[in-house]
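Participant: The chain contents come next:
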Amino acid sequence: MRHTVDDDRGQVVARRPRSVLGRRARRRGVGLAALALAAPLLAACSGDSGPPTLNWYVNPDGVDTLGKLAEQCSTDDYDIELQLLPTGATDQRVQLARRLAAKDDSTDLMSLDPVFVAEFANAGWLEELPQEAADKATEDDVLRGAAETVTWDDKVYAFPQWANTQVLWFRKSLAEQAGLDMSQPVTWEQVIDAANEAGGKVGVQANKYEAYVVWINALVQGAGGQIISDNEAGKDATIEIDSEAGQAAAAVIEQLAGADAAQPDLTTSNEGSSLGWMYPAEGPGEFMVNWTFVYKNYQGLVDSGEITQEQFDDLGWARYPATVEGEQSKPPVGGIDIGVGAFSQHPEFALEAAECVTSEEAQVALAVDEGLMPARNSAYDSPKLAEAYPKDLLELFRDSVDTGGPRPESAYYATISAALQSVWHAPTSVDPDSTPEESADFLRDVLDGKALL
Amino acid sequence: MSTSYVATAGEDAQAKKRGKKGAPSADSERSRGENALGRKLVAPAIVVMLIVTAFPMLRALYLSVFNYSLTAPEDREFVGLQNYVTALTDPLFWRDTGVTVLYMLVTVAIELVIGFVFAMVMHRVVFARGVIRTSILIPYGIITVVSGFAWQFAFSYQNGFVNGWLPFLEADFNWFGDSTPAIIAIMVSEIWKTTPFMSLLLLAGLAQVSEDMIEAAKVDGATWWQRLWKVILPNMRAAIMVAVLFRALDAYRIFDNIAVMTAGAVGTESISFLTYRQTIEQFQLGIGSALSVLLFLSVILIAFLIVKLFKVDLAQARQES
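Just so you know, the protein sequences line up as chains W and Z, in that order. For the first sequence, position 346 (counting from the first letter as 1) is numbered 346 according to this note's numbering, and the numbering increases by one without interruption. For the second sequence, position 42 (counting from the first letter as 1) is numbered 42 according to this note's numbering, and the numbering increases by one without interruption.
Hint data in this document are derived by calculation from the structure and do not stem from the laboratory. Computed from a prediction, not measured in an experiment: that's the story for all the values here. A virtual CB, placed ideally from N, CA and C, is assigned to each residue, including glycine. You may find that some hints are simply not true.
[To be verified] If the Cβ cut is set under 7 Å, some of the chain Z residues that face chain W in the computed set are: (1) Ala54; (2) Asn67; (3) Leu70; (4) Thr71; (5) Asp75; (6) Thr86; (7) Leu92; (8) Asp256; (9) Ile280; (10) Gln282.
[What the hints assert, rightly or not] A partial selection of chain W residues facing chain Z, derived with a Cβ cut-off under 10 Å: (11) Lys235; (12) Asp445; (13) Ala451; (14) Leu452.
With the sequences and hints as input, model every part of the structure.
Facilitator: In structure tokens, the structure reads:
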């Protein structure tokens with residue numbers, strides 16, 4: 001098998017057919033033995049042991065395609081080797097942080113959740129992209145929501161590789177039954193009322209975890225507010241959640257938590273647990289905010305015979321609901337950015353490799369094979385992608401990423417997120433009059449080191 | 001390091017001449033030479049110990065007076081004892097301390113009883129001695145994380161067997177959904193895992209009890225119960241107290257089972273886990289270090305209390321006296 005792929009600069013990078021693991025493992029074994037036996041000699045005759053290996057730490061999403069990208073982007077100068085991070089976002093962050101805090105020079109490339117970029121960049125763990133690469137990473141072709149995630153303090157620290165976003169998924173029959181016109185932007189209030197009326201559910205993610213903060217952030221931004229501002233000030237950032245926008249967000253959560261349309265497991269709901277209510281054994285289905293993987297997920301159910309084609313055709317999608325009437329919603333933006341380790345021994349190679357694995361072709365491959373949506377505008381026009389997804393859905397994804405709102409960038413993001421979860425969970429106890437204020441006070445105390453989290 | 005040596009008549013006379021009572025004369029040439037050699041021999045070990053224990057401890061002490069996040073190294077500021085004040089006035093700290101003390105008291109008490117039974121079995125068993133001793137010790141040979149996972153599966157309502165075995169529970173009872181059952185599950189795993197350690201220490205104590213005394217008690221007509229309470233237990237008091245001391249200090253630092261089984265959710269968090277979250281997950285090195293210093297102090301306090309309250313003589317337990 002011989003593949004070629006055009007990289008960003010139009011060069012053709014050849015991929016050598018080989019058994020990657022076998023050869024690398026062998027080489028590493030030989031390397032270790034050599035090191036132990038002949039360390040002094042090595043210094044004299046280094047350079048003969050083949051091209052250096054760049055370690056790329058990836059999260060376990062779409063590993064097959066990432067493996068192909070690693071091979072395609074390996075050149076005569078370097079080989080890219082995948083290193084798998086744990087499944088949980090917290091564990092991924094902790095593992096990378098431990099390496100980088102110890103100035104690990106074998107961490108060359110990293111798949112980063114957008115919220116890690118500011119934290120890592122501020123800690124001095126990420127290589128700042130040189131002007132040319134920075135322009136490339138944030139050029140006009142890159143969707144705005146994704147481009148915002150790689151910038152910290154006016155500098156660029158990563159390349160967006162793919163972008164995730166949430167849309168409102170629903171059963172067309174349910175919306176019709178409730179008389180909700182889905183061709184117009186809808187508000188959370190309308191969605192909850194409609195589901196209540198028709199006996200359906202509203203699926204969200206409200207367990208005490210990161211995705212709950214994603215929801216809160218989208219609600220606050222949808223009301224024109226933000227959780228913090230003056231982010232660069234670190235722990236002295238201005239806390240904005242105790243505002244009308246914060247209250248509007250809390251009002252939505254309160255309304256849903258008290259409604260019949262809430263999932264029974266609302267307080268522990270996650271991306272997976274809300275999927276089941278779309279095609280329940282009994283009942284009209286649900287409205288659900290969820291990430292882009294949902295389309296392929298339900299399509300797979302048709303293939304496995306769990307739902308019929310007719311039921312699948314009943315699946316509708318619309319822009320993320322607005323928090324307040326008349327104000328455009330800010331859909332959540334997630335995805336993965338590729339950063340270069342600040343202590344890498346081969347930063348130039350790593351930069352080149354990072355650019356290659358985030359190229360338009362790479363993004364199309366990730367989208368078509370893995371359902372991970374592109375962060376580049378042009379990738380959405382790929383004919384291959386048009387075969388895999390309905391045109392209007394692609395348009396919706398693209399538009400959502402372009403006009404969506406990322407979570408707050410801050411060196412203290414982990415603290416901010418945990419503090420919010422601590423006060424806003426359980427959703428059943430959220431009160432617009434007290435929760436935003438309480439969470440603002442608590443966050444202030446935690447950032448000042450006056451309260452434990 | 002206790003040096004035993006037999007004083008020669010000459011040395012004895014010298015000591016008397018200088019008006020010093022008691023055996024080893026401190027400045028006899030030979031003992032001075034031995035002491036000097038002893039110091040030289042232990043010096044490397046002391047240096048290594050200082051590097052691996054004293055340095056991290058002093059470093060933690062130093063970091064604990066800063067408000068310092070790993071992701072914002074430039075914002076680091078000296079805050080004095082603020083971190084300690086924050087920790088000691090925070091309800092979360094006291095809740096976690098309470099939970100940790102609960103873990104310690106319950107697990108050590110139960111382990112002491114079961115461990116003693118196991119020790120008796122290992123001590124008295126007349127057949128298949130090797131097999132029985134080995135099977136009692138197996139749990140201690142299993143890594144705590146593995147034992148944590150095993151018990152998590154056992155307690156799981158989806159694929160565990162515990163709910164099926166307990167007739168008074170619903171089949172879908174979620175052990176990890178609420179504080180009390182989750183804490184019980186964690187304790188069970190902890191007890192299962194460390195009871196063998198307790199019984200090993202107690203077995204050593206049992207072996208110390210002289211058979212003659214037990215025989216004598218028997219001849220005097222003491223019942224089994226009386227022999228246990230009046231002869232065996234008092235004679236192995238030192239071993240029991242050492243076992244309690246070691247296990248209590250261990251139990252106070254409980255971490256693995258909590259991390260595996262609940263990740264600190266539903267109020268099962270211990271002080272170690274709180275410290276871990278601040279330092280490793282939140283990157284808050286300042287408050288995290290302050291918490292670890294407090295943890296260290298509480299461990300010292302517990303050790304001190306046990307040693308003082310029960311008048312444990314560590315030297316006696318090691319049969320050095």
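Participant: Could you run down the list of hints and mark each one as holding or not?
Facilitator: Structure-based check of each hint:
1. Checking Ala54 (chain Z) against chain W: minimum C-beta separation of about 21 Å lies over 7 Å; hint violated.
2. The closest approach between the C-beta of Asn67 (chain Z) and any C-beta of chain W is roughly 4 Å, which is under the 7 Å cut-off, so the hint is satisfied.
3. The criterion of a C-beta within 7 Å of any C-beta in chain W is met by Leu70 (chain Z), whose closest approach is roughly 6 Å, and the hint holds.
4. Hint status for Thr71 (chain Z) relative to chain W: holds, with the closest Cβ pair at about 4 Å, below 7 Å.
5. The closest approach between the C-beta of Asp75 (chain Z) and any C-beta of chain W is roughly 5 Å, which is under the 7 Å cut-off, so the hint is satisfied.
6. Of the supplied interface hints, the one on Thr86 (chain Z) holds, with its beta-carbon coming within about 5 Å of a beta-carbon of chain W, less than 7 Å.
7. With its C-beta approaching chain W no nearer than about 5 Å, Leu92 (chain Z) sits inside the 7 Å limit, and its interface hint holds.
8. At about 16 Å, the closest approach between the beta carbon of Asp256 (chain Z) and any beta carbon in chain W exceeds 7 Å, and the interface hint on this residue is violated.
9. At a threshold of 7 Å, the smallest CB-CB gap from Ile280 (chain Z) to chain W is about 6 Å, leaving the interface hint in force.
10. Contact between Gln282 (chain Z) and chain W, as hinted, is supported at the beta carbon level, the nearest pair being about 6 Å apart and thus within 7 Å.
11. Below 10 Å, beta-carbon pairs count as interface contacts, and Lys235 (chain W) has one with chain Z at about 6 Å; its hint therefore holds.
12. Annotation: Asp445 (chain W) was flagged as interfacial toward chain Z, and the flag holds, the nearest CB pair being 9 Å apart, inside 10 Å.
13. At its closest, the beta carbon of Ala451 (chain W) sits 6 Å from a beta carbon of chain Z; the interface hint therefore holds under the 10 Å criterion.
14. With a least beta-carbon distance of about 4 Å to chain Z, the hint placing Leu452 (chain W) at the interface is held under the 10 Å criterion.
When the structure is compared with the earlier hints, violations turn up for hints 1 and 8 and for no others.
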